[in-house]
Amino acid sequence: MRKFLLIFALLVTTVFVFAQTPKKGGVLYDYWTADRMIFDPQEDTYLQTYAMARLLFSTLVRYKGETLELEPELLVKMPEVSQDGLVYTFELKKGIKFHDGKTELTSDDVKFTIERMLSPKGRGASKWLFEPILGAAAFMKGESTSLEGFKKIDNYKFQIILEKPYAPFLQNLAVPAASIFSEKLVMAAGDSWKLKPVGTGPFRLKSHTPNTEIVFERNPYYFEAGLPYLDGVVYRIIPDSTVALMEFEAGTLDVVTIPVLEYERIKKTGKYNIIEKEALNTYYFIMNLSDPKWSNPLLRKAMALAINKQEMAQSLYGPRATVAKSFVTPGIPGAYQLGEGPAYDYNPEEAKKIVAQLGNIGKVTAWQSGGDTLSDANIIIQAMAKEVGIDLEIIPVERAAYRQARNEGKIPATYANWWADIPDPDNYIGVFFGKGNQMSSGYNNKEIQEMIEKARIEVDPQKREQMYKQIEYKIIREDIAVIPLFHLKYLLATQKNVHGVIAHPTGITLYLYAYKQ
Amino acid sequence: MIQYIVRRLIFSIPVVIGVTLITFILLNVVPGDPVLEMVGKYADPQTVNQIREQLGLNDPLVIQYLRFVFNAARGDLGKSFKTGLPVSKMIADAFPTTLKLALSAYLVAIILGVSVGIISAVKQYSFFDHSMMIVALAGISAPVFWVAVIAQLIFGLKLGWFPISGYYSVKHMILPAIVLGTRFAASIARYTRSALLDVIRQDYIRTARAKGLSERAVIFIHALKNAMIPVVTILGMQLSGLLTGSILTESVFAIPGLGRLSVWALSERDYPLVQGVVLFTAVIYILGNLIVDISYAFLNPRIRLQ
Numbered sequence: 001m002r003k004f005l006l007i008f009a010l011l012v013t014t015v016f017v018f019a020q021t022p023k024k025g026g027v028l029y030d031y032w033t034a035d036r037m038i039f040d041p042q043e044d045t046y047l048q049t050y051a052m053a054r055l056l057f058s059t060l061v062r063y064k065g066e067t068l069e070l071e072p073e074l075l076v077k078m079p080e081v082s083q084d085g086l087v088y089t090f091e092l093k094k095g096i097k098f099h100d101g102k103t104e105l106t107s108d109d110v111k112f113t114i115e116r117m118l119s120p121k122g123r124g125a126s127k128w129l130f131e132p133i134l135g136a137a138a139f140m141k142g143e144s145t146s147l148e149g150f151k152k153i154d155n156y157k158f159q160i161i162l163e164k165p166y167a168p169f170l171q172n173l174a175v176p177a178a179s180i181f182s183e184k185l186v187m188a189a190g191d192s193w194k195l196k197p198v199g200t201g202p203f204r205l206k207s208h209t210p211n212t213e214i215v216f217e218r219n220p221y222y223f224e225a226g227l228p229y230l231d232g233v234v235y236r237i238i239p240d241s242t243v244a245l246m247e248f249e250a251g252t253l254d255v256v257t258i259p260v261l262e263y264e265r266i267k268k269t270g271k272y273n274i275i276e277k278e279a280l281n282t283y284y285f286i287m288n289l290s291d292p293k294w295s296n297p298l299l300r301k302a303m304a305l306a307i308n309k310q311e312m313a314q315s316l317y318g319p320r321a322t323v324a325k326s327f328v329t330p331g332i333p334g335a336y337q338l339g340e341g342p343a344y345d346y347n348p349e350e351a352k353k354i355v356a357q358l359g360n361i362g363k364v365t366a367w368q369s370g371g372d373t374l375s376d377a378n379i380i381i382q383a384m385a386k387e388v389g390i391d392l393e394i395i396p397v398e399r400a401a402y403r404q405a406r407n408e409g410k411i412p413a414t415y416a417n418w419w420a421d422i423p424d425p426d427n428y429i430g431v432f433f434g435k436g437n438q439m440s441s442g443y444n445n446k447e448i449q450e451m452i453e454k455a456r457i458e459v460d461p462q463k464r465e466q467m468y469k470q471i472e473y474k475i476i477r478e479d480i481a482v483i484p485l486f487h488l489k490y491l492l493a494t495q496k497n498v499h500g501v502i503a504h505p506t507g508i509t510l511y512l513y514a515y516k517q
Numbered sequence: 001m002i003q004y005i006v007r008r009l010i011f012s013i014p015v016v017i018g019v020t021l022i023t024f025i026l027l028n029v030v031p032g033d034p035v036l037e038m039v040g041k042y043a044d045p046q047t048v049n050q051i052r053e054q055l056g057l058n059d060p061l062v063i064q065y066l067r068f069v070f071n072a073a074r075g076d077l078g079k080s081f082k083t084g085l086p087v088s089k090m091i092a093d094a095f096p097t098t099l100k101l102a103l104s105a106y107l108v109a110i111i112l113g114v115s116v117g118i119i120s121a122v123k124q125y126s127f128f129d130h131s132m133m134i135v136a137l138a139g140i141s142a143p144v145f146w147v148a149v150i151a152q153l154i155f156g157l158k159l160g161w162f163p164i165s166g167y168y169s170v171k172h173m174i175l176p177a178i179v180l181g182t183r184f185a186a187s188i189a190r191y192t193r194s195a196l197l198d199v200i201r202q203d204y205i206r207t208a209r210a211k212g213l214s215e216r217a218v219i220f221i222h223a224l225k226n227a228m229i230p231v232v233t234i235l236g237m238q239l240s241g242l243l244t245g246s247i248l249t250e251s252v253f254a255i256p257g258l259g260r261l262s263v264w265a266l267s268e269r270d271y272p273l274v275q276g277v278v279l280f281t282a283v284i285y286i287l288g289n290l291i292v293d294i295s296y297a298f299l300n301p302r303i304r305l306q
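Heads up: the protein sequence lines correspond to chains A and B, in order. The first sequence: position 426 = 426 (the numbering used here), numbered continuously. The second sequence: position 236 = 236 (the numbering used here), numbered continuously.
Keep in mind that a hint or two might mislead.
[As the list claims (entries may be wrong)] Quick partial rundown of chain A residues pointing at chain B, CB under 7 Å, derived from the structure: (1) Arg123; (2) Thr212; (3) Ile238; (4) Glu247; (5) Gln404.
[Stated by the list, open to error] Calculated cross-link-like contacts (lysine-lysine; reagent style PhoX-like; alpha-carbon spacing at most 20 Å): (6) A:Lys196 <-> B:Lys158; (7) B:Lys89 <-> A:Lys196; (8) A:Lys151 <-> A:Lys94; (9) A:Lys268 <-> B:Lys158; (10) A:Lys196 <-> A:Lys102; (11) A:Lys93 <-> A:Lys184; (12) A:Lys157 <-> A:Lys184; (13) A:Lys496 <-> A:Lys271; (14) A:Lys102 <-> A:Lys64; (15) A:Lys77 <-> A:Lys102; (16) A:Lys469 <-> A:Lys277; (17) B:Lys123 <-> B:Lys225; (18) B:Lys211 <-> A:Lys121; (19) B:Lys79 <-> A:Lys271; (20) A:Lys152 <-> A:Lys77.
The set of hints was computed from the structure by calculation and includes no laboratory data. These numbers come from a predicted model, not from an experiment. We put the CB at the ideal spot given by N, CA and C, even for glycine.
From just these sequences and the hints, can you work out the full model?
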C-alpha cells in the first residue's frame, strides 16, 4: 500500500511539474474590437498599437512581469544615474538583431529613434517621453539638427543628459511609444514603415488583413534565449464584444475580456482561467474651474457629496470596479489615500443643505464624449445630482469635437477616465492640474502648479511621494477640482490550456511568457 | 437607348459634385480636428500644426476642395491620412467583400422573397399567407444586429453549423448572407404579393384563365412578368442599399467590407478616405438606379423612354 501511495505521489508530482513547464509551440488567438491599421507606436498612441508594439519592438527598460518595477530589456543592466539626477549612462546588450536577422542594434539606433520622435518634420505623437532631454526643445523647433543631450560613447554605450532632473524619466523609456527602431530599416522602408514594421521584439509581423486579422509569428532571432514560447499570436478584429465572447466559448479565441454582465456566468462555469488585475486608471467627474458656474467651490462640493460612488461603480461595472480613494491609482507611490472612504463620501443630506445655501443656480452643464444618447454613467450622475437639487444637463458631443474642446480647456464638466501611461503621480496630477491645463480642469492655482513643478524634479523618492500626497490633498479635499469615482480591474478569461499571460496594470496584455499546454 | 444612358450619365455629374461638396462642407463644418484624432491624448499644438501643414489642412477650404475634385477627376482619390495608402486601393480592397456579401444576401432575398410572395398571393388569406406576412412584418421590424446575434448564438455557438464571425471562407459568408438577405426578403415578399394580387385581378388574366390555361401558366407566363415591374424597382434600389448599407451586418459578423471601412474613416476623421468612400457610394447608387430604369424599360415597353 505504501509503495502504491509513493508511486501515486510521484505521478502527481510529475504531472504537476510538467503542467507548470512552459511548452513550446502553438498559436494564440486574441482579438481587438477595432483595427488601428498602422504599427508605428510613435505615431499612434492607442492601447492596441501599444500592445502590438510589445510584440514587435523592445524598449530600453521594461516592467518586470506583472509588477511596476523596471528591469533592463535591451540593456545589459539598469542605467547608472549621476548624483544630480541629470546624466544617465546606458549599455546595450551586444548582438541584438532586428527581425531581418542581419541588422544589429547599436547606440545610433537609439539616437535615431529619439530624434525621429522629436523631429519637427515627423509625426511623433509622444514627444513628452523625450522632452526632458537636454536640447529637446531646440531640436523640436528645428533650431538644431542633433539632440544635444544624447552622447554616443561607442556602438553599445551612450549617455542621455537631462535638462533638469526628472524622476520618472526611466518610466518614460518603458512606454511602448519609446520602442527602439532601426535607423537603416526605417530609412529603407520610408512611408511604408508604419505598415511594415521591423523590430527586435519577440514576434514579427507575418500578415495584416485590414479589419480581419493581424498575424504575428515568432522572431527566430529574438535575443532572449528560449523565448517566446508561442509560435505565433493572431489578433482577430471582432467589433462586437458579445460576439467575441461567443467565439471564446466556441473555443476559437484563447483570450477574452469578460463583459461585466457575463462575469458571474463565465466564472461559474469553471471552464476557464480568470485573470483579475488592478490596472492604472481612474474614472472621474471633473468640473472646469474656469466655468462661470462650476467655479463655485460649494457647487463642486455638493456634486462630490451627491454621487454615490459605491452604487455607481457596482451598477456600472460590478466586480470590475473598486471605489476610488484617490485620483492617482492606488499602488503608485504618491497616491493619496483618503482614509477608509472615497474623497467626499456620499452624503446627500449635506449636499442638499449646500444646494439650499447656493440658492437658485439654474441649470449646470456637462459634456459627454460621443454617442447620441446619454451613457449609463451619465444618466446615473444626472439622477444623483437631481436627487440633491442640482439640475445637471449633459450634452453628448461628437468624439473629435469633444477632444478638440478638451484640449482648448472648453469643456464645462465631464465624466471621463484616465489610463495612465506610466506609474507615476505626475502622469495624473501634472497632466490634469499642472501648467497648461490640457484636460479642461480650468485649474489655475499658482501655488499648486509650482509644487507640481518641484515634485516633478525631486530626486528623493520619499520626499517626492509626500509632495504628491500634499498636492492631491489640496486638489481633491480643498479645491474639489475633480471627483475620483472608481478604478477598473482587468477582467480576462483564457482557455484552460493557456498559461503565462500577463495582464499588466498599464492595460497591455503581454504574451512574451505565454504558452499553450 | 444608348443616348438615354449617356444622357443619364451626364446628368449624374452634378449629383456627384453636389454629394462631394456637401460631404466636404459637413466634414469641415463639424468641429473636431483630424490631427487631434491622430496624435492621441498628448497633443502639443506644435506637432498638431506640423502635421496639419504636411496634410495640406492649413490651405484655404476652396483650395482643398478644388484639389480633391481635380485629382478625383484624374482618378486619384488621394492618400489616407492614417495609413498613407491610396484611398482607391483601400476601397478596392474592401469593396469586393461587400459585393460578395451583398450579392449572396440578394440571392437569398430574391429566392425567398419572390417565392413566398407568389405563394402568398396565389393562396391569398390561407394559413400560409397569414403566417408568412406576419413573419415578413417581423423580419422588417426586427433590428438587424439582434437577428444577427440570435443567429450567431443558435447556428454558430449552440449548433456549430457555421462560423460565428470573421471572413475566411465561403462558409463564413452563409450566416451573414442569410441574416441580411432575409431582412430584404421580407419586404420583397410583401411587394411581390401585393403586385401579383393587383395583376391577377386584371381582365387579361381572366381572359387567360377563360382560354383554359393552367393556373401555373397563368401565373408564371402572364401575371408574373407584369407583377415584377414594381418589384424590380425595389430590387434595384435594394441592391444599392445592400452594397452600401450593410454596416451593421459587417460589424456584427466582423466582415471587412466597405461599411466597416467608412465607419473607421469617419471615426478617425480620415478626410480623404471619407470623401473617397462617399464618392464611390454615390456612383454606385447612380449606377444602381440607372440599371433599374433600364431593366424597367425592358420589362414594360410602354414606359420605354425616348
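Checked hints:
Restraint check, Arg123 (chain A) versus chain B: the minimum CB separation of about 6 Å is within 7 Å; hint holds. With a least beta-carbon distance of about 5 Å to chain B, the hint placing Thr212 (chain A) at the interface is held under the 7 Å criterion. Using the Cβ-Cβ criterion of 7 Å, the hint placing Ile238 (chain A) at the interface with chain B is satisfied: the shortest such distance is roughly 5 Å. The closest approach between the C-beta of Glu247 (chain A) and any C-beta of chain B is roughly 5 Å, which is under the 7 Å cut-off, so the hint is satisfied.
This hint holds: Gln404 (chain A) has a C-beta 5 Å from the nearest C-beta of chain B, less than the 7 Å allowed. With a C-alpha separation of about 39 Å, the suggested pairing of Lys196 (chain A) with Lys158 (chain B) is violated against the 20 Å cut-off. The suggested pairing of Lys89 (chain B) with Lys196 (chain A) holds, with an alpha-carbon distance near 17 Å, which does not exceed 20 Å. For the hint linking Lys151 (chain A) to Lys94 (chain A), the alpha-carbon distance of about 18 Å falls within 20 Å, and the restraint holds.
About 19 Å separates the Cα atoms of Lys268 (chain A) and Lys158 (chain B), which keeps this hinted pair within 20 Å; it holds. Restraint check: the Cα-Cα separation between Lys196 (chain A) and Lys102 (chain A) comes to about 17 Å, which is no more than 20 Å; the hinted pair holds. With a C-alpha separation of about 19 Å, the suggested pair Lys93 (chain A) and Lys184 (chain A) falls inside the 20 Å cut-off, and the hint holds. For the suggested pair Lys157 (chain A) and Lys184 (chain A), the alpha carbons sit about 19 Å apart, so the restraint of at most 20 Å is met.
A distance of roughly 7 Å separates the Cα atoms of Lys496 (chain A) and Lys271 (chain A); the hinted pair therefore holds under the 20 Å criterion. Pair hint Lys102 (chain A) plus Lys64 (chain A) does not hold up; C-alpha atoms about 28 Å apart against a cutoff of 20 Å. For the proposed pair Lys77 (chain A) and Lys102 (chain A), the alpha carbon gap of about 24 Å is over 20 Å, so the pair is violated. Between Lys469 (chain A) and Lys277 (chain A) the alpha-carbon distance is near 24 Å, which puts this suggested pair outside the 20 Å criterion.
A hinted pair counts as satisfied when its Cα atoms are at most 20 Å apart, and Lys123 (chain B) with Lys225 (chain B) qualifies at roughly 19 Å. The hinted pair formed by Lys211 (chain B) and Lys121 (chain A) fails the criterion: a straight-line CA distance of about 84 Å is larger than 20 Å. Under the criterion of a C-alpha separation no larger than 20 Å, the hint pairing Lys79 (chain B) with Lys271 (chain A) is inconsistent with the structure, at around 47 Å. Between the alpha carbons of Lys152 (chain A) and Lys77 (chain A) the distance comes to roughly 17 Å, so the proposed pair stays at or under 20 Å and holds.
Hints 6, 14, 15, 16, 18 and 19 from the list above are not met by this structure, while the remaining hints are.
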